[in-house]
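Student: For reference, the chains in residue letters:
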Amino acid sequence: MDRRKMLALLGISPALVADSPAYARTAPKAVPQDSSAGGNGLITVMNPAIPGKLADRVPLVPPLNGLQDKLIYMINLSWEGPDAANYFYGAMTEWLDKHYSGIKTVVKVTAEGMFGGDPAILKEMIANKADAAIVGVAG
Amino acid sequence: MGRWAKQIEMQCKIPAIGIASSNIVHYATGYNFKYNNGMPIRYVSVPFPFTGQPRAVDVGYVAGKDMLTGQPLMTAVINALTSPLTAEEKVSGTPPEEAVEPRFLPADSEENLRRMFDDKEWTDFNSIILPTEKRVIEMLKGTSHKPDKVVTTVNITGGARQLTVEKVAINAVMAGATPEHLPVILALATQAPFGNSTSSMANMVVISGPIRNRLKFNCGTNAMGPYNKSNAVVGRAFTLMSKTAGDLRNNVNAWETLGNTMQYNNMCYGENEEALPEGWDPLHVQMGFKPTDNVLTVGTGWSSIASVGASQSIYPTHFLMRDYMSSFCASGSAATIVMDPTVAGLLKDTHGFSTKAQLSEWFSQNVQKTAASYWGNGVIQSTAVPLALQGLEPYASWRKLPDDALIKPFTNSRAIHVVVAGGKVQTMWFVTDFGIRRGVLIDDWM
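For the record, the sequence lines run as chains F and D.
According to the working numbering, the first sequence is numbered sequentially starting from -16.
According to the working numbering, the second sequence is numbered sequentially starting from 6.
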């Protein structure tokens, strides 16, 4: 007779005589009562998330009414180096010169790359009465 | 970039637009705008990658399309500079507070709570211990500090989130720590969050001082492997609190393109101080701490290269280490070498390095790489090129060198750290590009 069937007829669980400790494992002890666990089996836990402070909103300054005769600064942030943005800004300058009479462009590479500031460039833009700026190129 | 454009708008009172690839624009106009910048900067988008392309490609982008609108790129530029402001672009002032995060989450089944923690990306997607109040209260017994004390303000991508002792304790429970670990994890919390960069950064956490033995941190065999509870839970806690306090979520404000598998445990291990050769000070003592101080040190970098190195006396260990270090970008002159005590012993007894500092100095003097290899690294392009353009040495001179000229990029030997760990089973070592920060006194968080 199959051993399992025989044991079952005797009312003995086969697990009690099984070789594998996994079969013979006793029932787990009851978990100590946690006050966080309700009688309905639901659990209350603490929240790890922290609310973020939203940034104060700052409106954009009014846009230009056109590009004719404007002074545009192109700011090169040296994203992984200055070369790519310089190529790009050079082509942009050519395009603008072709399409807008009197437009002037100035390309500036920032002193501290993309991470720092460059007060000298800002000062120069104010002194030269720049009309707009293009910042980049990241990617 | 948004910060730059905002500065120009505010200080020069002129319109400023940004140009970037679309993944950066997505972040800039989303998370960064909401929590950091607050100014709805207008963007035009170029294809990615932008850098590293032949000149013709970057020039060609000008004649191409804006990746955001599909318009010709220059039309998009002109529109961004000239089109009237929308009502949204005129909004000013302090926005209403974001919904307050409740201290407790609504009661739910264990299964649902686990799913929610994963859905919110509060976990590392391994199972966590759910932070019931009872468990958190028990955890807080590990420190004398009040639960509402602010450990640090996490602002890596904005939001200025205040990481309190209680929040750290919640994360410690989630990581599987015990109250005895809490002071270590609080010290670690002062350094949160971990590196988060498109360049896929990683961290290293080194435990120093008597607490290593008291909490049974593994400093010996398998110091960096998954064989020890303290190493495992403290390292993991850094990940969990960085994610929860930094609100780091994939493709929202966590943009590591490859990610880094070291972020699961952050290379947490103890220095094998007992096995240091005579004259080689423990890491924290090198920083000016007392040998009896308990200190935690965090390093940040990207990678490690491993080797076994004692078999060839003709080409000894430190030569191999030197060669491998030349693969690193040497940003900030940073490197950290982790070596088995047998290697440290060889370097001292056979090769005459009587202190760690001597070995660091030797690396500084002997690691070389070509100028082309140095400048070819994107991190160096972003950080050292601006220094060169300002005329700062040695970067300005290095930039003028021919591609095949050799330079010594590790200019500061004090940024090259040596840590001894391991079980004397093999003459094994890792050279890493991790920059080590100043250590933090764990004793302050008891």
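Calculated from the structure, these hints are not laboratory results.
Hints may contain errors.
Stated by the list, open to error - Beta-carbon label-pair distances, calculated as ranges:
#, chain 1, residue 1, chain 2, residue 2, range
1, F, N23, D, V430, 49 to 57 Å
2, D, N227, F, F98, 46 to 54 Å
3, F, P42, D, P152, 51 to 59 Å
4, D, V155, F, N48, 29 to 37 Å
What the hints assert, rightly or not - Under the rule of at most 30 Å between Cα atoms (straight-line distance), these lysine-lysine pairs were calculated in the BS3-like manner:
#, chain 1, residue 1, chain 2, residue 2
5, D, K151, D, K295
6, F, K112, D, K374
7, F, K36, D, K151
8, D, K39, F, K91
9, F, K91, D, K295
10, F, K53, D, K295
11, D, K154, F, K36
12, F, K91, D, K154
13, F, K91, D, K151
14, F, K53, D, K70
15, F, K53, D, K154
16, F, K91, D, K405
17, D, K139, D, K18
18, F, K36, D, K295
19, D, K18, F, K106
20, D, K154, F, K112
21, D, K18, F, K81
In this text, a Cβ means the ideal position worked out from N, Cα and C, and glycines have one as well.
Student: May I ask which of the numbered hints given earlier this structure violates, with the numbers listed in increasing order?
Tutor: Checked against the structure, the hints that fail are numbers 2, 3, 4, 6, 9, 10, 12, 13, 15, 17, 18 and 20, while the rest are satisfied.
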